[in-house]
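K.L.:
One letter stands for each residue in the lines below.
There are 2 protein chains.
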Amino acid sequence: MGQYIAPLRDMQFVLHELLNVSDELKQLPKYADIDADIINQVLEEGARFTSEILFPLNHVGDREGCTLDTATHEVTPPTGFKEAYEQYVAAGWPALAADPEYGGQGLPTVVQTVFLEMLNSANQAWTMYPGLSHGAYECLLKHGTDEQKSLYLPKLVSGEWTGTMCLTEAHSGTDLGLLRTRAEPQGDGSYKITGNKIFISAGEHNMSHNIVHLVLARLPDAPAGTHGISLFLVPKFLPKEDGTPGERNPIFCGALEEKMGIHGNATCQMNIDGARGWLIGEPNKGLNAMFVMMNAARLGVGVQSLGLTEVAYQNALIYAKDRLQMRSLSGPKATDKPADPIIVHPDVRRMLLTARAYAEGGRAFSAYVALQIDRELNHPDEKVRQEAADEVALLTPIIKAFLTDNGWISTSEAMQVYGGHGFIAEWGMEQYVRDSRINMIYEGTNTIQSLDLLGRKILQDNGVKLRKLGEKIRSYVEENGLDESLSEFITPLADLAAKVEKLTVEIGMKAMRNPDEVGAAAVPYLRVVGHLIYAYLFTRMAKIALDKRAEDERFYTAKLATARFYFARLLPETAMLIRQARAGSDSLMALDAELF
Amino acid sequence: MGQYIAPLRDMQFVLHELLNVSDELKQLPKYADIDADIINQVLEEGARFTSEILFPLNHVGDREGCTLDTATHEVTPPTGFKEAYEQYVAAGWPALAADPEYGGQGLPTVVQTVFLEMLNSANQAWTMYPGLSHGAYECLLKHGTDEQKSLYLPKLVSGEWTGTMCLTEAHSGTDLGLLRTRAEPQGDGSYKITGNKIFISAGEHNMSHNIVHLVLARLPDAPAGTHGISLFLVPKFLPKEDGTPGERNPIFCGALEEKMGIHGNATCQMNIDGARGWLIGEPNKGLNAMFVMMNAARLGVGVQSLGLTEVAYQNALIYAKDRLQMRSLSGPKATDKPADPIIVHPDVRRMLLTARAYAEGGRAFSAYVALQIDRELNHPDEKVRQEAADEVALLTPIIKAFLTDNGWISTSEAMQVYGGHGFIAEWGMEQYVRDSRINMIYEGTNTIQSLDLLGRKILQDNGVKLRKLGEKIRSYVEENGLDESLSEFITPLADLAAKVEKLTVEIGMKAMRNPDEVGAAAVPYLRVVGHLIYAYLFTRMAKIALDKRAEDERFYTAKLATARFYFARLLPETAMLIRQARAGSDSLMALDAELF
Chain A
784 MGQYIAPLRD MQFVLHELLN VSDELKQLPK YADIDADIIN QVLEEGARFT
834 SEILFPLNHV GDREGCTLDT ATHEVTPPTG FKEAYEQYVA AGWPALAADP
884 EYGGQGLPTV VQTVFLEMLN SANQAWTMYP GLSHGAYECL LKHGTDEQKS
934 LYLPKLVSGE WTGTMCLTEA HSGTDLGLLR TRAEPQGDGS YKITGNKIFI
984 SAGEHNMSHN IVHLVLARLP DAPAGTHGIS LFLVPKFLPK EDGTPGERNP
1034 IFCGALEEKM GIHGNATCQM NIDGARGWLI GEPNKGLNAM FVMMNAARLG
1084 VGVQSLGLTE VAYQNALIYA KDRLQMRSLS GPKATDKPAD PIIVHPDVRR
1134 MLLTARAYAE GGRAFSAYVA LQIDRELNHP DEKVRQEAAD EVALLTPIIK
1184 AFLTDNGWIS TSEAMQVYGG HGFIAEWGME QYVRDSRINM IYEGTNTIQS
1234 LDLLGRKILQ DNGVKLRKLG EKIRSYVEEN GLDESLSEFI TPLADLAAKV
1284 EKLTVEIGMK AMRNPDEVGA AAVPYLRVVG HLIYAYLFTR MAKIALDKRA
1334 EDERFYTAKL ATARFYFARL LPETAMLIRQ ARAGSDSLMA LDAELF
Chain B
784 MGQYIAPLRD MQFVLHELLN VSDELKQLPK YADIDADIIN QVLEEGARFT
834 SEILFPLNHV GDREGCTLDT ATHEVTPPTG FKEAYEQYVA AGWPALAADP
884 EYGGQGLPTV VQTVFLEMLN SANQAWTMYP GLSHGAYECL LKHGTDEQKS
934 LYLPKLVSGE WTGTMCLTEA HSGTDLGLLR TRAEPQGDGS YKITGNKIFI
984 SAGEHNMSHN IVHLVLARLP DAPAGTHGIS LFLVPKFLPK EDGTPGERNP
1034 IFCGALEEKM GIHGNATCQM NIDGARGWLI GEPNKGLNAM FVMMNAARLG
1084 VGVQSLGLTE VAYQNALIYA KDRLQMRSLS GPKATDKPAD PIIVHPDVRR
1134 MLLTARAYAE GGRAFSAYVA LQIDRELNHP DEKVRQEAAD EVALLTPIIK
1184 AFLTDNGWIS TSEAMQVYGG HGFIAEWGME QYVRDSRINM IYEGTNTIQS
1234 LDLLGRKILQ DNGVKLRKLG EKIRSYVEEN GLDESLSEFI TPLADLAAKV
1284 EKLTVEIGMK AMRNPDEVGA AAVPYLRVVG HLIYAYLFTR MAKIALDKRA
1334 EDERFYTAKL ATARFYFARL LPETAMLIRQ ARAGSDSLMA LDAELF
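Quick note, the sequences are listed as chains A and B, same order. Taking the numbering used here, I'd label the letters of the first sequence as residues 784 to 1379. Taking the numbering used here, I'd label the letters of the second sequence as residues 784 to 1379.
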């Protein structure tokens, strides 16, 4: 059933060599004491927990799925899930990146994000149970009343209670403006919530003592559309005065969805039948409050696919070294064996390196963004905070869409390495492909991410945020432009940066005449910018590898080879993407819908 | 649960307008009487059968799967599968393209291929039960003794018996030279076969009265490797003298594989425990005999993905017209509704048109190849037969790999149109994605196809076959080069043809120095040639559409729009692929396997 070993060396490379997190964190008073030793210790513990406790439950979770008792509305997750959660809570993992004021351990987002990769490599479906708790915590921390905070935050931080995000309704997915769930004020500060939600991940289960549902609903006098949506806190059990779970609130799982993957997670239809809830933040401003949670969730979804990419790669690599089949085209390599291990074949290496490069690129990118989040939230200088916030806003849709598309590509390539065995459940590879597929859809489809990037974050902003990123890259190019050993990376990086600039202006001009041009260009455009970022990060990583090669010959040689593979075989996708992004809307919009 | 309606209008367009099959068939004495009316009548019957009988069983087949009774070794397919097969046999479908001498209806391969698309759109897992019967028929027709032919062919043709292909063993998949199943001569003309096979599609079931297994095995004195493999006919029940099934032969299903998709088909581990078998063709030339079957199977696998592409497109289209979500960026379109149907959004159209263009391209391409097979087998002029055979040999790996890669892309895009609902089993879309995944693997992985194309069919042949294809395209370009209305298609077509020529020479030169260059270039190279063929076929289709537009405004307008979309949005993939194919083997091979 395969293996998972957390790639600690590469994680440490990203944190300490690429990003110098300890130096960066010293600038943030809250994290000034967090040094490399502490971080490494946490990650080593995390590696043990995820490999030993969570990974062995991944396949059984897929095979068993969850069960709903329709009489009691209770959902039982797969064998071992509850016990693993108890160990997770006992070890204090839910508190990792939470505020010490509420019982948290006060580690930065960047460390949490690296740990999140491990969790998802080991078991995405399981990780989704506590997955939204941290988002609910952040949402309440920012928008909750003092009473809400003191009642709910310690429970979320300890992991005794978990959180969910109840947005989607059958007729209202991408378009939240259409949602119908109603909230009637009860005169005592509470609201009576009624409606039906679908696709609620971890919507019901017995792993935690209570579930804190954050529910979008409409007040009686709310305006139509997205400006009439409010956010409510609806606990599964109404907390008693002493903070323990009391009366059952009528928010029930009506059915579990049968789905392509993440079978171990309970994807619930939730019937909210006059449940008691409390407003979070201001009336009709629910989407604003929810977006705190949504942005964290989008980073999290990208990291889900990063995790799957890594674990799929690791297993495909083992198989490629073990499996004997055919001789190398350039002459037998394992002459003592009846055939060569398939890793001798160039196309098997192409498949492996695709997954490997996307794992390494995704790891660097997600840690980079997570560190910017830490700066956004904690830097003493407001200007720095704002710059970091702008960069996070720009990069969040890319993290979500680029990493999840790449996860789909990578898990499929890794599965292909196995030939026919890849299609067989027993080997575990096809589960990674199925699990990864949802990541391109939920928390805003990848099309929505691309529209958010190109429409909102770039064009509505007159390209200011993007230009800042471009300047960062350009100054790196200038600093290193004379380093001949780097020119194989710097030249294509500079070339792509210039092309992105030109492409953005071109689409912007077209979009002024016809807004459909944004929709026509957005998906390939997002991937172009994703590649620009990876090209930048791989160049920086290659430079470190070149500089430090003698210190750890094996690691840096491999790092350099992966960077070269990325530039030779993955970056050329931009030649296609730029053509597609420039192709315009005519070829999409010309045909009348009824002639399709 | 969706719908399937056979795209008869487009099938007729391909057969009668693009390929002029009736004229072509008139040159083949065997098919001189087959006119458009007969063909259309067959396809209309096929459309009814597949939509009404097979399609309703597709989802239930996926949910139920097959069951093995380990005591009796009997396999029960999903509910309704056996009854549907009885109707299929009663209607004479197995005989469609078989020789009248053995009870066949004598229709050409090109018609059979179009019908095969319908079968696979309706139910790929079901279609795989009779799927290998025709290949077994062709293999026996060409390599069987008279006795074998008279005993087995009528039963295969009537559909009373079905066929399988028993190649793979646990340690021997791509590398058949490693296989271990043994065949000992018994002195009476029969052999005793012993061994274990895996991944045997439709290896055991109760749908037909007997199963004719074609089994690869080694004779006692056989040389090692692929030159020591012989092909045997091993019936499930030994036929009695009167031709009815007699004694049970010990070739049993030991287990059913749990797999990602095609759950309705019984993928069997077969234990062959001293079963009686008879040699087909010459000793140690089993692979030659098997290749007759394999080539038919490779065309068939391409058409499986074509079928899935079409049905996924049809359903995504219905959803995109029904589902209301958000307003068009260029202003509300359905002002009487709470939101616009999602088909107004450019990126939804991109997803739909991707599947549509790959369906239309794949339909034209597979019918084109099938017609060449008819010419290869039946043209009175040997030179024409040889030319057709060469083209079929060149195009078969492309059909297999290009159509199945495109099927994976298309079903995934079609699923994405549904947003979250696409991930839910009930909607049926995720099944198409899962089912399509196997097509990239079996009958030779797509990597193997690409090596067959570039290594064997092109480089070992000094590019002769490819040049002939190039000449066909060049002469079309010259004939139509002055037609300004076509220049939007002709210009990129001519450009790509020139690039393919150059690319081929370049890879050939590099391969002479280092054979790994073939393996490094093959996969992207195959897709480039696939696109060249689609560009050629879409140009020809666009020309017809332009010429005949007034005759059927709606159909030809849509055809033209699809062709334009193909050139604008899918053909640009070649810009990436050519760079990848030229990137060379260094970035793949540089890293020592142990440093991965």
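Simulated from the structure, these hints should not be mistaken for laboratory data. Just so you know, not all the hints are guaranteed correct.
Because identical chains share one entry, a pair is satisfied inside a single copy or across any pair of copies.
Think about it this way: if two alpha-carbon atoms lie no more than 30 Å apart in a straight line, the pair counts; the simulated DSBU-like pairs of lysine-lysine are [what the hints assert, rightly or not]:
#1 Lys1116 / Lys975
#2 Lys1068 / Lys809
#3 Lys1104 / Lys1023
#4 Lys975 / Lys1331
#5 Lys1293 / Lys1116
#6 Lys932 / Lys813
#7 Lys813 / Lys1255
#8 Lys1251 / Lys1285
#9 Lys932 / Lys1285
#10 Lys1331 / Lys925
#11 Lys1285 / Lys1104
#12 Lys975 / Lys1248
#13 Lys1331 / Lys1285
#14 Lys1120 / Lys975
K.L.:
From the Cα coordinates, with 30 Å as the cut-off, is the pair Lys1068 and Lys809 best called within, between, both, or neither?
P.N.:
For Lys1068 and Lys809, neither the intra-copy (36 Å) nor the inter-copy (73 Å) Cα distance is at most 30 Å.
K.L.:
When Cα atoms must be at most 30 Å apart, do Lys1331 and Lys1285 count as within-copy, between-copy, both, or neither?
P.N.:
For Lys1331 and Lys1285, the Cα distance exceeds 30 Å both inside one copy (36 Å) and across copies (41 Å).
K.L.:
How would you label the pair Lys1293, Lys1116 (within, between, both, or neither) given a Cα cut-off of 30 Å?
P.N.:
between (56 Å within a copy, 21 Å between copies)
K.L.:
Since the copies are identical, ignore which copy is meant and state whether Lys975 and Lys1248 lie within 30 Å (CA to CA) inside a copy, between copies, both or neither.
P.N.:
Answer is neither; intra-copy 42 Å and inter-copy 74 Å both fail.
K.L.:
Is it within, between, both, or neither for Lys1331 and Lys925, if the alpha carbons may be no more than 30 Å apart?
P.N.:
Classified as neither: same-chain Cα gap 43 Å, cross-chain 64 Å, threshold 30 Å.
K.L.:
For the identical chains here, do Lys1104 and Lys1023 meet the 30 Å Cα criterion within one copy, between copies, both, or neither?
P.N.:
Answer is neither; intra-copy 58 Å and inter-copy 49 Å both fail.
K.L.:
Indicate which option fits the pair Lys975, Lys1331 if close means a Cα-Cα distance not exceeding 30 Å: within, between, both or neither.
P.N.:
neither (62 Å within a copy, 64 Å between copies)
K.L.:
Since the copies are identical, ignore which copy is meant and state whether Lys1116 and Lys975 lie within 30 Å (CA to CA) inside a copy, between copies, both or neither.
P.N.:
neither (71 Å within a copy, 36 Å between copies)
K.L.:
Within, between, both or neither: how does the pair Lys1120, Lys975 come out at a Cα-Cα threshold of 30 Å?
P.N.:
between (71 Å within a copy, 29 Å between copies)
K.L.:
Pop the pair Lys932 and Lys813 into one bin, within, between, both or neither, using alpha-carbon distances up to 30 Å.
P.N.:
Cα proximity of Lys932 and Lys813: one copy only (20 Å, versus 83 Å across).
K.L.:
Give the relationship of Lys932 and Lys1285 under a CA distance limit of 30 Å: within one copy only, between copies only, both, or neither.
P.N.:
Neither. Shortest intra-copy (48 Å) and inter-copy (68 Å) distances fail the 30 Å Cα cut-off.
K.L.:
Up to 30 Å between alpha-carbons, please classify Lys1285 paired with Lys1104: within, between, both or neither.
P.N.:
neither (44 Å within a copy, 35 Å between copies)
Of the numbered hints stated above, those contradicted by the structure are hints 1, 2, 3, 4, 9, 10, 11, 12, 13, listed in ascending order.
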